[in-house]
Structure formats: C-alpha cells, structure tokens
Amino acid sequence: MSVAMNNLEELLKTRWRLITTSCNSLRFFETIMEREAPSDWSIFKWEPMSLNCVRYVSQAKNEPTVVSDSMRAVWNKKHEAINKEGVDVETVFDLVQRSITLAESEREGRKDYVIPPKSLILLVNPLEEFTSPILRTKFQKVTSYPGFGNYQVAFVVYSDNPITNRFLLQHGIGYDLPPWSEKEIQEYLENIKTSIGTVKSKTMFISRKPVIDGLVPSLMGMTPDVAEHVIKYGFLKHIDAMEPTPITDYADKVQARIISQSDMLSFLPVEKQINPKFIGGFDNFLEFMQESAIGFSPEARKLNLEPPRGVVLLGLPGTGKSMAAKALGHILSLRTVIMDMSSAFGSLVGESESKIRKALQQVEAFGRCVLLIDEADKAFAGATGAVGDSGTTRRVLGTLLTWLQEQRKEIYVVLAMNSIETIPPEFLRAGRFDKVFYTDLPDEEDRINILQLQFARRGIEDLDLTDKEWQRLADATEDFTGAELEEVVRESQRLAFKDRKDSRPTFDEIYAKAISRVPMAKFDKERIQAIRNFCHDRATPVSKRVVQKLTLENKILERVRYEE
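Following the working numbering, the numbering of the sequence shown begins with 1 at its first residue and continues without gaps.
Just to be clear, a hint being listed does not mean it is correct.
Taking CB as the label site, the calculated pair distances span [what the hints assert, rightly or not]: (1) Ser516 to Leu463: 18 to 24 Å; (2) Asn533 to Thr466: 34 to 40 Å; (3) Asn533 to Met242: 53 to 59 Å; (4) Glu34 to Arg301: 52 to 58 Å; (5) Glu47 to Gly398: 23 to 29 Å; (6) Leu463 to Glu526: 32 to 38 Å; (7) Gln529 to Ile294: 20 to 26 Å; (8) Phe534 to Leu127: 43 to 49 Å; (9) Arg408 to Asp502: 53 to 59 Å.
Distance condition first, Cα-Cα at most 20 Å in a straight line; then the derived EDC-like pairs of lysine to aspartate or glutamate [said to hold, decoys possible]: (10) Lys118 to Glu30; (11) Lys13 to Glu47; (12) Lys277 to Glu486; (13) Lys232 to Asp263; (14) Lys522 to Glu486.
By construction, these hints were calculated from the structure, which means they are not laboratory data.
Backbone N, C-alpha and C define an ideal beta-carbon position, used for all residues, glycine too.
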C-alpha cells in the first residue's frame, strides 16, 4: 500500500500482518523496533538461512507476561539444528502455522511454542524469496489460517534498498522511520557529554556551544551509530577544537558517502561550491538570494516565519544555471545535494516511483539543505501528454510535485531547466517556488565581466588589457554563453603555456581563441528566440541590466501604442 505510518505499536493494534520498511542501517532499525514494539510482544529475526529470538515474552495461561532472557537463550539453543540446515522464509511460515496448531490443541497451556503468541518476525532482505509464487501462496495461506488473527503474528520486511516487489507493496503497509530532529540530536550530544564527563587538562569540544551549533546540522540524516562514529572521531582528532569546521568537514565527507549510496543523489562538498563573487551577469538573482537567506536565519526561526521554498532557473545550456545554483550553499549557509532525475526511471513496475520517494525521504532526513534538480526537463520529456512509458513519467512527476507542494522542511529547491517545450505548467504554479528566473545570453558588459571573473578564479586578477582591447573581446564574443566564455579562457591559457610556458595569456592569444569559436547561438537562433519569447512574460531575468532593458522596451511599446 502507498499509505505509511510511523508508529509500530499502532500498526500492530490495527492487525497488519505484513509491514514493509526501507532503511540504510539495520542496527538503527532494530533499535527502533525493539523500542516501539509493545512490551508483551516477542521479537524474532530471520536473516538469510537463520532464525533467532531477540526477545522472548512468556504468554503462559493465567500468568503475567514476562520478558525472559533464559527462555530466549533456551529457544535459540533448541533451534540451533534448523539453523545449521538452513532456514528459508517458507520454513518460517511453516513454524508459525505449526505454533498456531499447537495452541489450538490440548497443549494450550505450554510455554514453549515454536513461535509464541504476539510475535514480531523481522525478515531481513528477503526480497529474492518473495519473487517465488510458492512462497507468496504460502504466506497467504498462513495469514488466512482461521487461528492466525487471534494468535497475532506480524511479519516486518526490512530492506536496505527501495522495495519494488509488487506483492509486498500490495499486501504490506509501509513503516517509515522518522528522521532525527535537531532537538533529538542535541539531547543525544548532551547525553554523551554527561556520560563522558570532563577530561583533565583538556576542554572537550562537545561542551562548546559554537562547536555544537555547527555540528548539529551536519549530523542531520545520520543514524545514531554513524553519528556516534563522527563524535568519536571528534574526540580522537579535534578534542581541543574551538570552532566546528574540522569536525563538520569530516561529517560532510561521511554524509557524502551515505548519500552516494542512492542512485539519484550526490553531495556537493564545500570545496566544490562556487563562490558567488566569481559569478558574472547574475546580480539580480544573487540579490534576491541574499534576501532569501534571511528566511533561514535563527531569528526567522524564532518568529516561526516560513522558510523560502526555492526558485526555477530557465535558459539555454551553458548560461550559468548550474554554476549559480552551486553558489547558493555559500549564500544561504546550507549544504547542497544534487538530484539526478534521469536515474529515477527503472524497468520494473513501480520501481521509479519507489526510488524517487526513497530519495526525497533521504533528502528530508538530511535536513536543511539546497536541493538542486538539474536538467529536469530531460527527465520529464514525456510528462506533458506523451505516451509510451505506461504513465511512469507522469507518476514520477506527480510524486515530485506533491512533495514540492507539501514539504515544510528547510529545504531550498532549485529546479534548472534548459528547454521550454517539456516544462509541465504545474511546475511554474505559485506555491511551489518563490520565483522563476531565466538566463539569457550575456550582454556586452556582462561578457567582459564574466571573462574577468573567469581569469580571477584562476588567480589572474590583474590582466593587463586596455579598455579598447576588452571592447574588442566583447565584440568578438557576441552571442557567447558563459560556458563558451569560460572555454575561451581555458584555451587561451593552454595556448600561452604551449607557446611561452606561461599561464597568463596575452590579448592576441585570447582574441585568437575567441574568433576561432562559433557560438551555439549561431546554430540555434529559432530555439533561442522561442525561449526568450516564452520567458519574457513568465520569468525574471537574472541580470539587472536585462531588467532595465526590458523596462525600457515596455515604455517604448506603451508610447507607440499611445501614439497609435
């Protein structure tokens, strides 16, 4: 079922026989399950080819229920033989049915049923087994057995990958693990500080508020065992740290490894984020983002102000959309996660929807961040009415749109698109994004600015060119995108190194590379004009000069209409 619940005890009260969950940490899930399972329920764990008792609760007639470690040990000892032979999931179902039969017979007063009443059976990664029609039939037969309902047994299917098996999705209900909140992480750190105490001759980093304030966001989305590892690393390497950077840098590396387990997500390290001062032609966009940053401030949180939701960036490839998005981590003081929508689509029925739901859950668990969905138009090319994929694209689009509308976490979403033909109108509806920007080809002044900034990024801030030479370069690079201007800088540096073993090119070397390149705009004039026409009334230019230009054009048009 698509319904998901977070309270295991509630699921058991409503008599769900099959519960499914996906999680990155089995240890974390086992801890949650033992904590949330009712105290009068026994717990068993099946792992491929073995079955063991985790908690045994005595259910003897006319006696109080008792959690018995001795009976758990006896049970495990007694069933060593079947583990040696190998236990498959079908054998587990057989043991359940045998237990119910024993309970219905004259042995009702015994305390050593194979599987006692009120038992939770955790099946660890049994997805291959559930592809068998025989096993699915066995499950349905056991759970429909007359005495099954009163005996109360529930199966929990755990998977460390998204569950796409149709049988499990149809017959089970999802059990979602709630992510750690900031308050829970702070309490966890406080407990560690209390349990460890003080270290003589050293002041622990964990007792310093600036370090903790910086560390808490970096631990968001981690399971307790992974977070504990990061804390121990801090004690080992940076116990004298006066500020959080050394520990949060390591935490970010751990987060990158966690996120890389997803097919759809990647983590953008701080060192790969773009410094806004090296972005030219985006002054209007960057000013808006500076205003948006206020919404993520602690003061805004105290006043319960709703955080900014995100922006859409439309425009031609190479006009700097991705670069601008990768600078937002600096501006908003947030970490950046990149989502590859093309990786969402799988060959199995329901796999695509499951993968994107799993990825979005992981982003929410990650906490406050910038989520960059790059080149989304390519992934949604069939969502505007096309057929041929059995509606998969539209369902994936619907899942994403619903999440964009309903999510209230401090996640700033940046949607970058190159094409206007495949943009679903729903994306541009108010309420999902704060603003829609578009990137046009840079004008003359912006081209000079971009060239200068690209040289500055490479350590060349004092390139000795006259105003006339800069003007000639601006004329030679007419209709160039930001990416093409960057390539001119790279090629001119390579030419200077080849000819003179120097990385600082001369005007002639830069000019030679500029006039030798034919811009993409020369080949695709119609599409560029179509994008400009589309964006003119629907989006805001990223450059203030374009805004001023459009305002002037509107005034001229109004004057012409008036005179007519």
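For each hint, the structure was consulted:
1. Distance hint check for Ser516 and Leu463: the Cβ-Cβ separation is about 20 Å, which falls inside the suggested range of 18 to 24 Å.
2. Distance hint for Asn533 and Thr466: a CB-CB separation of about 38 Å, consistent with the stated range 34 to 40 Å.
3. For the pair Asn533 and Met242, the supplied restraint of 53 to 59 Å holds, since their beta-carbon distance comes to about 56 Å.
4. For the pair Glu34 and Arg301, the supplied restraint of 52 to 58 Å is violated, since their beta-carbon distance comes to about 34 Å.
5. For Glu47 and Gly398, the hinted distance range of 23 to 29 Å is not satisfied, since their beta carbons lie about 36 Å from each other.
6. For Leu463 and Glu526, the Cβ-Cβ distance of about 36 Å falls inside the hinted range of 32 to 38 Å, so the restraint holds.
7. Under the hint 20 to 26 Å, the C-beta atoms of Gln529 and Ile294, about 37 Å apart, miss the expected range.
8. Distance hint check: the CB atoms of Phe534 and Leu127 are about 45 Å apart, consistent with the given range 43 to 49 Å.
9. A hinted range of 53 to 59 Å for the beta carbons of Arg408 and Asp502 is consistent with their spacing of about 54 Å.
10. Proposed proximity of Lys118 and Glu30 is supported: the alpha carbons are some 18 Å apart, at most 20 Å.
11. Between Lys13 and Glu47 the alpha-carbon distance is near 26 Å, which puts this suggested pair outside the 20 Å criterion.
12. Among the hinted pairs, Lys277 with Glu486 is consistent with the structure: their alpha-carbon atoms are about 15 Å apart, no more than 20 Å.
13. Taking the CA atoms of Lys232 and Asp263, the gap is about 29 Å. The hint is violated against a cut of 20 Å.
14. The suggested pairing of Lys522 with Glu486 holds, with an alpha-carbon distance near 18 Å, which does not exceed 20 Å.
This entry does not satisfy hints 4, 5, 7, 11, 13, going by the numbered hints stated previously.
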